[in-house]
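Q: Chains as they are written, first to last, in the numbering used here: chain R, 7 to 308; chain F, 173 to 573; chain V, 2 to 185.
Relax, there's no trap hidden among the hints.
Simulated restraints, written as ranges between beta carbons of each label pair:
1. R/E278 to F/E406: 42 to 48 Å
2. F/G438 to V/A163: 25 to 31 Å
3. V/T151 to F/G201: 55 to 61 Å
What the hints contain is simulated information worked out from the structure, not anything from laboratory work. Here a beta-carbon is modelled for each residue, glycine too, at the ideal position from N, C-alpha and C.
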Amino acid sequence: MSNWTPFAILALALGGAWAVACVEQAVAGVRVAPALVLRRAAEQLDQPLAVPAGRDAWLYHLAPPLLLVAAVVALATVPWAPGFRGVDLSTGAILFSAALAYVTPSVFMAGWGAGGPLAVLGGFRFIALMLGFAMPLAMVVTAVAAPAESLRPAAIVEVQHAVPMVIVQPFAAALFVPAAMAVALLAPFDLADATTELEGGAFSRYTGLHAGLIALARKILVLAVAGMTAALFLAGWQGPLLPPAIWMALKTGAVVAGMLWAGRRLPRFELERLLVVAWIVAIPAAIGVIVLAGLITLLFYR
Amino acid sequence: MVVRPLRPAVLVPDEQAWTMAGVDVQAAGFEAAATPAAASVLAGPERIPEELASAVGEAWELICEPRRVEVLGDPFAAGMPLLEALKERHGEHAGMDHDEHAGMGHDHAGMDHGDMMEITGEPSRDGLVMEAADVALGPLSPALPTGLVAELSLDGDVVASCRVRATLEARRDALAPRAWAAATGDLIAGERIVAVELERALSHAAWLRRSAQLLGWPLLADRAGQAVAALVAEAPESIAFDAARCALEVSRRLVESRAFRSRTAGRAVVDAAGARALGLTGPIARASGVPEDARSQDAAYAGLGFEPVTREAGDAAARAEVRAEEAVAAVDLAQEALGADLPAARRSTVEGPRGPIRHGTTPGAAEAVALAGGLVIGLEWSAALAALASFDLSPWSVSAR
Amino acid sequence: MSDLATALVFWPSAAIMLVTGLYVFRTRSMARAGLLLLASLGIEGLVFLSLASEFLGVLQLLMMSGEMVIMVFFMVMFMADPGGLMGMDMTHDKRRSAAVAAGVAAALGAVAVATDWPGTVVTGAAPDIEQIGFEVMGRSMLSFLFAGMTILFAMVGGILLAKHGGRLGIPAPAGEPRDEEGAP
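Given the sequences, and given the hints that come with them, work out the whole structure.
A: This is the structure we're talking about:
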């Protein structure tokens, strides 16, 4: 990690958020208008800040920065290329889970701080959802770290030089991707801010700078989650012919497009059903995945 | 179909009503915003009824600067000019939703201030003492048709009580203008079937799109939107029947899919006996197994090979399937009637998209509004809204002559 | 990390921890109390990071977020004034509890100060993940298993005891009228 890394990560965050917005338009079948994305963002930042006569001003104001910090830290742990590995901590994969863990309190703070019944409902629905999904997310990270014998994301990428992890541990990928989509507030898991059901839900009372920060943070979250999926399961920057950064960009872009596309093809899931799946299926399956990962490590990676 | 990026706007009335008035809101470049704060435009009508004036004024207040008004047409055809309504300020009327705190603080009517160990108050059905949160989905809520007001009381995220009211009053249902014109005899008989059937298909497609948006399913919303775009046209001859039928077929298959049924099956069940006792009509009754259809008595329809579409289950899924199938059948009937040479005949009863229109009233509509609220009790919030939407309630309470 | 950098992170973090920890008990709002506790224990993660305990620090950050959210969830679910807006006084038995608190704090403080903690200078490349892994899987496995299971059973049991009926409560008996303006 050099002195330029923080600046590079911030630049990546802003540029990546803009790219995710363009991919969103493309997936929706809307004509991609990159300049329009920037113009709408500027218009949104121009709006005055509204403070609703809600419950808790402190929490209301602290939620957007917390969400943004969580998103940027999560992005910082993703390894993009052998020369640019983000914040190359030896516990980078756990830091990724830790950063994503702060999305839940910030969504709760946004809903609770705003105070309207539907906003609070959105916050609580998200807590209920993430309580069930956070564990598979973290446990699967352990499972993919086992063959690499390291929690450093760059090491996990390098151990996939022969075979991508999605082929070796498909169940781990099947558990990770929905949990990652849920924490990134993506459809069909967008229970916190169901735009029609909850009239905007947890984030509905934000305008101006707050709303801009939240929109930015959400796009960065999508990028971070997709980037880590590509790094952990799709062999990151490994690939023939093209430079590593290009491979990583292509894979991340494919994952982003795939997640957004899945969000359009599936109706929003109901909380009831998701909780049943999370607690009864996903968590025992995650434990099974860890056991399987141990076996695979002993058999193939030693 | 590639469209240009849509601008979030506060739509008055909602997209379905604009569609029935012949305006394609998406073609105009707008989509419904989740809240007024997220919108920058008020896409409104030229004239607005009194009942909506204060709600529109409040919504306008919540839209952030820079904001503008875009007039797309005149769907209400009565009422005060929109700009006048925006200048008025009414303090206590129902707006987008009431900011009543979710019961975790104010107005603890049954709470004992002294001893915290004893939590007093009536336990709710699951044994926890919780205070109900009152949510009033006002006349401009994106989850309901414009003009429909729902007062819900939430026990956590489960609906404890619900009361639905249609607040707009008129001589005719503005969501089915051509059916009304046919019933009052303003349409030439030969064009009657074509106009009524096309309107039925359009109404059901617009309803499907709204339901899909409520369920958070862009795929179905896009397909239904394609059908709407194909059917919104002035002259019946210029309608792309094949495109409409294709889009409606796909929508029908999506409605019968497991994804849709998982959100709607078994919810808000109306059984056949109950439907008959209440005098329900239209797709709601037909979905409960009551095969009542004013078109069955019409010889012209019989000549075109019409059969009423019924289901047995009476739940939200059955109502959606009935409408999806009726929409496909309606396009077929309209296309046949366009080519056929039908005898001129006047009918006093016309089957509109929501039920028969007879002697200037819509029997069964008020009963449906009264019934719907009670049937969503005990459902979780999103399921309750989806079940309410499955009734396709009309916000217009038709005053008898 | 150099000594100066460590000190720059450690002392302010410790101060913030103490202040936020204190405010947990000064605030009336349950949500704020839970989130202040999250702030306090999350900053502890930073303290660990500054002391070259990378794994423990990151783990602390990860765990505390989930735990405090669960705590806020439970507090709002079971307590009668979670917003703190009613001004209810939630403290009981003030004198005795203050005496016990002061006593326990003094005892813990005495232990902390008087114990001869083994201190080693740790380099930046301390392989703490491996050591902690072996410790958890070996000597401490029973205690972690026991603690984890106990907490889980307590949470689930607490909900089961407080609540009856399924998620949507006990269904209304068949004869009960469902709506006031329903069937004529």
